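Asks: Sequence:
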Amino acid sequence: MTMAICLRVAVIWASLAGIPSSFKLSEEANETELSQVSSGGGLYSFGSTVAIYNPRYQRFVQMNKGSNSMTSKHSGRIHLEMFETYERFIIVDAGGGKIALHNSLNNRFLKLSDGSMMTSPIKAASNLPMPGWYSEYFEVIDGGNGEVGLYNRHFQRFVSMSGHGTMYGSPQRGDTLPHDWYDQRFYLVPARPYLVPGSVVGLYSETNQNYLRLTEHGMDGHRPPHPPHFPSGWAWEKFKVVDAGAGRVGLYGQHWRKFVKMDGHSVTVSPWAAGDHFPNGWGAEAFVVIPILPNENKIMLWHPGLERCVKMSGTSVQRSPHKQAQDLPTGWGSEIFKVVVLEDPPDED
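Numbering (our numbering), first residue to last: 2 to 350.
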């Protein structure tokens, strides 16, 4: 399969209206799988994870820590590896048919201001729409052949990438994308989330040699007989990953039919709930997955409202000290969990 075919079929280019509520695309998808997905009428929804790829220059848009400017990275392959964290963006509903693009590791949005591309102020993805924000809002413009433009209507400019990889705002124009504007043409490529909605996982603390466990009345840690092996007969330690919107997830204990919950004092459990969807209006049960050592499937579970992580100390499960997502120390041990995938998401009909 040639690179040109890969680029054409592994893309997102449908309008936001009527797009399915979820997507699933393996990083190892073959030509048949890609063709089936491509013809499905749309690949992403709000909350999906994507990479922004310029096919002419073979570069990903990148949001680096320690820099307010947007950058890019050359890559001859179109899919992201799990360790590529600066290139991942959550598609967030900005209202009025517009989207915003949020990087969880930096806890910032992509921003266009006049002719410059930069990062937004620190803001959790779940905090949009924000009054007075317009530099971070984009419309997806169909460029044909699977390509899209990202158009900021306030400044009347497109997100742009030069041949050297410099990010900038295009000259001002209307919301049509000229056929010879190569700097403004991108593929939005699906990227596998670190916790995939619909999957069932165990969350293992190597520091404590315990799995996270949801009981009828609370949370604790439970050590397996042969760490880190997950015993086949365990049920309380299994969590179904549920899409909670804006790039967040809920962790649902199917045995007790409750979600993991963080309130103002503790990490506990929610009231009873069905696990086929995330309940409307709930926020205490929604967490952001922060990749710490993604090649080893190690993450932190950060609560955007309380700005704390789930922490395990021995068998006790509690809240971490207060910390913004972009400032989480990689040296923390009790807040890091290794994702053990027990069941893949069911195939969609």
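Note that these hints are calculated values from the structure, not bench results.
Where hints are given, some of them may not hold.
To be verified - Pair ranges (Cβ atoms, derived):
1) Asp264 - Gly77: 27 to 37 Å
2) His323 - Trp273: 39 to 49 Å
3) Gly96 - His227: 11 to 21 Å
4) Trp333 - Thr269: 15 to 25 Å
5) Pro330 - Pro172: 17 to 27 Å
Stated by the list, open to error - Distance condition first, Cα-Cα at most 20 Å in a straight line; then the derived PhoX-like pairs of lysine-lysine:
6) Lys74 - Lys124
7) Lys99 - Lys66
8) Lys124 - Lys99
9) Lys339 - Lys299
These figures come from a predicted structure and were not determined experimentally.
Each residue gets a CB set at the ideal place from its N, CA and C atoms; glycine is no exception.
Asks: Each of the hints needs a verdict: does it hold here or not?
Replies: These are the hints, each one checked on the structure:
1. For the pair Asp264 and Gly77, the beta carbons lie near 47 Å from each other, so the given range of 27 to 37 Å is not met.
2. Checking the proposed 39 to 49 Å range against His323 and Trp273 shows it is violated: the Cβ atoms sit about 30 Å from each other.
3. A hinted range of 11 to 21 Å is violated for the C-beta pair Gly96 and His227, which are about 51 Å apart.
4. Between Trp333 and Thr269 the CB atoms are about 21 Å apart, so this pair conforms to the stated range of 15 to 25 Å.
5. Taking 17 to 27 Å as the suggested C-beta distance range, the pair Pro330 and Pro172 does not conform, at roughly 43 Å.
6. Restraint check for Lys74 and Lys124: not satisfied, since their Cα atoms lie roughly 24 Å apart, outside the 20 Å limit.
7. Among the hinted pairs, Lys99 with Lys66 is inconsistent with the structure: their alpha-carbon atoms are about 26 Å apart, more than 20 Å.
8. Between Lys124 and Lys99 the alpha-carbon distance is near 17 Å, which keeps this suggested pair within the 20 Å criterion.
9. Between Lys339 and Lys299, the direct Cα distance comes to roughly 4 Å. Compliance with the 20 Å bound is thereby established for this hinted pair.
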